[in-house]
Amino acid sequence: MTSPSLELVASDTSGQSDARDRVAALALSEMTVSYGGKPAVFSVEARIPEGAMAAIIGPNGAGKSTLLKATLGIIPRLSGRVEVFGVPLARARHRIAYVPQRASVDWDFPTTVEDVVLMGLSRELGLLGFVRSRHRQFAAACLDRVGMADFASRQIGQLSGGQQQRVFLARALAQRADLYLLDEPFAGVDAATERAIVDVLKSLKDEGRTVVCVHHDLATVTDYFDHCLMINLRKIAEGPVASTFTEANLQATYGGRLAGGHLEQLRLPA
Amino acid sequence: MGAEFVQLSLTPLLIGVLAAIACALPGNFLILRRQALVGDAISHVVLPGIIIAFLVTGSLETWPMLLGAAGAALVSVVLIELIRRLGRIEPGAAMGVVFTGLFAAGVLLLEQSNTSRVHLDVEHALYGNLESLIWLSAESWNSLLDPVALADLPPELSRMAIVAGLIILLTVIFWRPLKLSTFDEGYAAAIGLPVGLIGLGLVMAAALAAVAAFDAVGSIIVIAMFICPPAAARLMTDSLVRQIGWSVAFAAFSAVIGYVLAGYGPILLGYDNAVSAAGMIATVAGVVLLVACLAGPRRARVGASGSSGI
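Quick mapping for you: the protein sequence lines, in order, are chains U and F. Okay, so the first sequence: first residue is 3 according to this note's numbering, each after it adds one. Okay, so the second sequence: first residue is 107 according to this note's numbering, each after it adds one.
Pulled out of the complex, with its shape left as it was, chain U reads as follows (with noise of 0.2 Å):
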């Protein structure tokens, strides 16, 4: 057990220049996944530094949202080792928050956007515990943040697919987790639900949260994150957005499917 000196690094959140020696709230190692008898993932390795804000990008098909599902046990995997900020992924659950894909669910479920956000208590309130008036009002408070205070007692088939997204993001929230991984979470949205979640993921950056978010639009890259894992079945490149997320990478992973044009929006790094 490595325990104390996970602490001391918990603790320090300053300062990324130095990721090498810290644990990484993320470590993968090895990943192979496989999707319907084919490879959707290859022995992909990732080091996600703590208090990062994290991209994984690639193109479509390239096993994004595979890996991370993988990652957490929710397919499984071939070959693979998790570590969650030191310790296996299975002692590190309550550390994580997901955010699964919007469409993965069926919205027309009987339930209402507070007892969504409560799903969230689950691990506290256990088998059989009552949902008190202080849950409800932690639960309010992170939909508060989400800025969807006023819906807690909609049903959440009203929802538009951008409030559906802030509700989960404040299904997350409810964690109090240290590790968030969303996936795809600015897909389908309008722009001020675009604008509310990335404020909500920087905060958690500001706490000295670490999110990992699956992301397809690499025009928003620089601007919302600061490391990134590019892959493409293989992993292709990782590191800081500043030195890794180059033209040379981004041809790379897509194979050189990007043209010209599309390459000048992205304001890459020098």
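These are calculated hints, taken from the structure and not from any lab test. Wrong hints could be hidden among the right ones.
[As the list claims (entries may be wrong)] Calculated lysine to any residue pairs in the SDA-like style (CA-CA distance at most 20 Å, straight line): (1) Lys-40/U with Val-25/U; (2) Lys-40/U with Cys-399/F; (3) Lys-40/U with Glu-187/F; (4) Lys-204/U with Ala-189/U; (5) Lys-40/U with Gly-305/F; (6) Lys-40/U with Pro-61/U; (7) Lys-40/U with Arg-190/F; (8) Lys-40/U with Ala-26/U; (9) Lys-237/U with His-218/U; (10) Lys-40/U with Leu-192/F; (11) Lys-237/U with Gly-63/U; (12) Lys-40/U with Ile-195/F; (13) Lys-207/U with Lys-40/U; (14) Lys-207/U with Asn-251/U; (15) Lys-204/U with Gly-241/U; (16) Lys-40/U with Gly-193/F; (17) Lys-204/U with Pro-242/U; (18) Lys-40/U with Leu-375/F; (19) Lys-207/U with Glu-196/U; (20) Lys-40/U with Ser-81/U; (21) Lys-207/U with Gly-190/U; (22) Lys-204/U with Ser-162/U; (23) Lys-237/U with Arg-93/U; (24) Lys-207/U with Ala-244/U.
As the structure is a prediction and not an experimental result, all values here were calculated from the model.
Based on the hints, put chain F in the right spot on chain U.
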């Protein structure tokens, strides 16, 4: 409503209501998981399971029957998964193939094996024998307090009561993980819930309800109760707790009204014979669903799949 009612109608009514509730409870979750056909499949494969258990043990005791049926339910779930994955067939078609195939095999087994000396035949499998589950030693309502008379209650009643009680208990205890994994399985898995086990547990609970209800009321009621009350209940409310409440109420309503209509309806209409209680109960459940479709307050939901938007 005197001695005759207690003797002839009380126990069939209670058994019908308990069977309906035991099936409707897991049915809620199966429907929300888009697995409504699983209930259908289970109630069909119970037949070969029971017959094989009978052939092996030579008895119609409860436990061999339950084990045989539970085994068959497990086999069918595995078969469905296998066919779906190996054949790359959509789940509905895989279920359809498995449950009709196994039910047909059960019918063949039934005809070929020497089960005629016991009460096991295709008609019984479909309709059950609700009307015959009478309480002969009852003389009046006071018999409910008479230990001698109580000892003579049909064993189906206590069996159904235990199963219904167990399913209610399991639903309460595992309410939170069941709801969470039904709504968002990926998230449930991510926070460490054993989603595979929860799904299997739900199917096994449905199988238990199907087996216990099968003997008393037949597979028609089982299939109807897995689907009709929960589907109708979804049209009444946007809260899962209230949906479950409505489904229990609809299930009990269908059982009582169906039983009464089967017994007295035809006579009131001038016909001589009563009709099958099982058939009438299932029909009432279907009518309840139809009425809910036409008048349920939550029938026109924004996000409901299949809504035409007209």
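Hints versus structure:
1. Lys-40/U with Val-25/U: 33 Å, violated
2. Lys-40/U with Cys-399/F: 44 Å, violated
3. Lys-40/U with Glu-187/F: Since the Cα atoms of Lys-40/U and Glu-187/F sit roughly 19 Å apart, the hinted pair holds (cutoff 20 Å).
4. Lys-204/U with Ala-189/U: Satisfied, since the Cα-Cα distance of roughly 18 Å is no more than 20 Å.
5. Lys-40/U with Gly-305/F: At roughly 26 Å apart (the allowed maximum being 20 Å), Gly-305/F and Lys-40/U break the hint.
6. Lys-40/U with Pro-61/U: With a Cα-Cα distance of about 17 Å, the restraint between Lys-40/U and Pro-61/U holds, given a limit of 20 Å.
7. Lys-40/U with Arg-190/F: Within the cut-off at roughly 17 Å; holds.
8. Lys-40/U with Ala-26/U: Judged against 20 Å, a Cα distance of about 30 Å means the pair is violated.
9. Lys-237/U with His-218/U: With Cα atoms ~16 Å apart, Lys-237/U and His-218/U stay inside 20 Å; holds.
10. Lys-40/U with Leu-192/F: 14 Å, holds
11. Lys-237/U with Gly-63/U: Distance ~14 Å between Lys-237/U and Gly-63/U Cα, so the pair holds.
12. Lys-40/U with Ile-195/F: 18 Å, holds
13. Lys-207/U with Lys-40/U: 36 Å, violated
14. Lys-207/U with Asn-251/U: Violated: Lys-207/U and Asn-251/U sit about 26 Å apart, past 20 Å.
15. Lys-204/U with Gly-241/U: 19 Å, holds
16. Lys-40/U with Gly-193/F: Given that 20 Å is the threshold and the Cα spacing comes to 16 Å, the pair holds.
17. Lys-204/U with Pro-242/U: OK: Lys-204/U and Pro-242/U at ~16 Å, within 20 Å.
18. Lys-40/U with Leu-375/F: 65 Å, violated
19. Lys-207/U with Glu-196/U: Measuring from Cα to Cα gives roughly 16 Å; hence the hint holds.
20. Lys-40/U with Ser-81/U: Satisfied, since the Cα-Cα distance of roughly 14 Å is no more than 20 Å.
21. Lys-207/U with Gly-190/U: Violated. Lys-207/U to Gly-190/U sits at ~24 Å, over the 20 Å cutoff.
22. Lys-204/U with Ser-162/U: Violated, because 23 Å separates the two Cα atoms, which is more than 20 Å.
23. Lys-237/U with Arg-93/U: 26 Å, violated
24. Lys-207/U with Ala-244/U: Holds: Lys-207/U and Ala-244/U sit about 18 Å apart, inside 20 Å.
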